[in-house]
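Going down the list, the protein sequences come from chains A and B.
With my numbering applied, the first sequence corresponds to residues 149 to 229, in that order.
With my numbering applied, the second sequence corresponds to residues 149 to 229, in that order.
Hints are computed from structural coordinates only; laboratory data are not their basis.
All of these numbers come straight from a predicted model, not from anything done at the bench.
Even glycine gets a Cβ: it sits at the ideal position worked out from N, Cα and C.
A couple of the hints might just be wrong.
Sample of chain A residues lacking proximity to chain B, with all beta carbon distances greater than 12 angstroms (derived) [unchecked claim]:
id : residue
1  : GLY160
2  : SER172
3  : ILE220
Listed below are the simulated EDC-like cross-link pairs for lysine to aspartate or glutamate, each with C-alpha atoms no more than 20 angstroms apart in a straight line [stated by the list, open to error]:
id : chain 1 : residue 1 : chain 2 : residue 2
4  : A       : LYS152    : B       : GLU200
5  : A       : LYS188    : B       : GLU226
6  : A       : LYS167    : B       : ASP183
There are 2 protein chains.
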Amino acid sequence: MKAKVYVTLKPGVLDPQGKAIHHSVELLGFDRIADIRQGKYFEVALDAALTEGEARETAERIARDVLANPVIEDYRVEIVQ
Amino acid sequence: MKAKVYVTLKPGVLDPQGKAIHHSVELLGFDRIADIRQGKYFEVALDAALTEGEARETAERIARDVLANPVIEDYRVEIVQ
Chain A
149 MKAKVYVTLK PGVLDPQGKA IHHSVELLGF DRIADIRQGK YFEVALDAAL TEGEARETAE
209 RIARDVLANP VIEDYRVEIV Q
Chain B
149 MKAKVYVTLK PGVLDPQGKA IHHSVELLGF DRIADIRQGK YFEVALDAAL TEGEARETAE
209 RIARDVLANP VIEDYRVEIV Q
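The task is simple: from the sequences and hints, build the whole structure.
This is the structure in structure tokens:
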């Protein structure tokens, strides 16, 4: 079983890396881009013996405790087979 | 219109950052994790006047030329309203 974890900066938190990418993209001639924000993406391969509920609970705990900083970041967990 | 771009290392490409996270997670007591791989996630806000086709084409070009390194990374683009 696999969990996909998406971590994004909360709205309102400055994203200098995203701003830098946006600037580079504009210099390359892409002029119809309003904004770019960068986040993180993790694929967590879990023990196949876990039920979907256990897998979700484990992935949520890892996302909250390790992968995201809940003060400035939001996270979303998706379980796939 | 918004494009979500997911960039992941190709299968077979070593992911030392993912390995380090996996190791930390094991030290924290999560013992049912087989593997963790880290990727990148981008939210690209596009000009609202673009059609879905134009938005997808622009986002694919940005993903291929700027956000991903096609030698070692795969990317996936998803268009949302």
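Taking the hints in turn, this is what the structure says about them:
no.	hint	in the structure
1	GLY160	holds, 14 angstroms
2	SER172	violated, 6 angstroms
3	ILE220	holds, 16 angstroms
4	A:LYS152 / B:GLU200	violated, 26 angstroms
5	A:LYS188 / B:GLU226	holds, 16 angstroms
6	A:LYS167 / B:ASP183	violated, 32 angstroms
Comparing the model with each numbered hint stated earlier shows that hints 2, 4, 6 do not hold.
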